[in-house]
Each structure stands twice: as C-alpha cells, then as structure tokens.
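Enquirer: Sequence:
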Amino acid sequence: MVRATNVIYVTAVIATEALSMRFPRVTALDRLTLDIGPGVTGLVGSNGAGKSTLI
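Heads up, the sequence shown is in the UniProt record's numbering, so the first residue is 1 and it goes up one at a time.
In case anyone wonders, no lab produced these hints; they're calculated from the structure. Treat the hints loosely; a few may be bogus.
[Said to hold, decoys possible] Quick list of the computed label-pair ranges, beta carbon to beta carbon:
#, residue 1, residue 2, range
1, Arg-3, Thr-27, 44 to 50 Å
2, Asn-6, Val-26, 16 to 22 Å
3, Gly-39, Glu-17, 39 to 45 Å
4, Glu-17, Ala-49, 49 to 55 Å
5, Arg-3, Val-26, 47 to 53 Å
6, Ser-46, Tyr-9, 29 to 35 Å
For glycine and all other residues, C-beta sits at the position ideal for the given N, C-alpha and C.
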C-alpha cells in the first residue's frame, strides 16, 4: 500500500451552484451545480446538452 505524504487542497477554478437557463420552449440548464478544477481543458456532451449555454 502506498500512502500519500503530501496533501494539496485545490479550490475550484470555476464553480456554479443551482444554475438554470430557460429559453421559450426548452430548459437548457436545470439547477446545475459544478466545480471545475485546475487542468480541466474540455467539456464534452451530446448535441443540445447545454455546453455552449454553460460557457
């Protein structure tokens, strides 16, 4: 077993809590809570998943 000797606590670079975005006929984001840490360089999802709306 390997034990960590140094612990680094990193806060989120980008964070949101309960974010919602609605358009006339569709809810794009519904109470989204998200923490993005350092080093995350991509956002992946299917068409219409709300990626552009989130950014």
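Enquirer: If a hint holds in the structure, say so; if it doesn't, say that too.
Expert: Checked hints:
Separated by about 46 Å at the C-beta atoms, Arg-3 and Thr-27 satisfy the suggested range of 44 to 50 Å. Between Asn-6 and Val-26 the beta carbon distance is about 46 Å. The supplied range of 16 to 22 Å is therefore violated. For Gly-39 and Glu-17, the Cβ-Cβ distance of about 21 Å falls outside the hinted range of 39 to 45 Å, so the restraint is violated. Under the hint 49 to 55 Å, the C-beta atoms of Glu-17 and Ala-49, about 19 Å apart, miss the expected range.
Evaluation of the 47 to 53 Å hint for Arg-3 and Val-26 yields a pass: the beta carbon distance comes to about 49 Å. Checked against the hint of 29 to 35 Å, the pair Ser-46 and Tyr-9 passes, with Cβ atoms roughly 33 Å apart.
The structure fails hints 2, 3, 4 (numbered hints given earlier, in ascending order).
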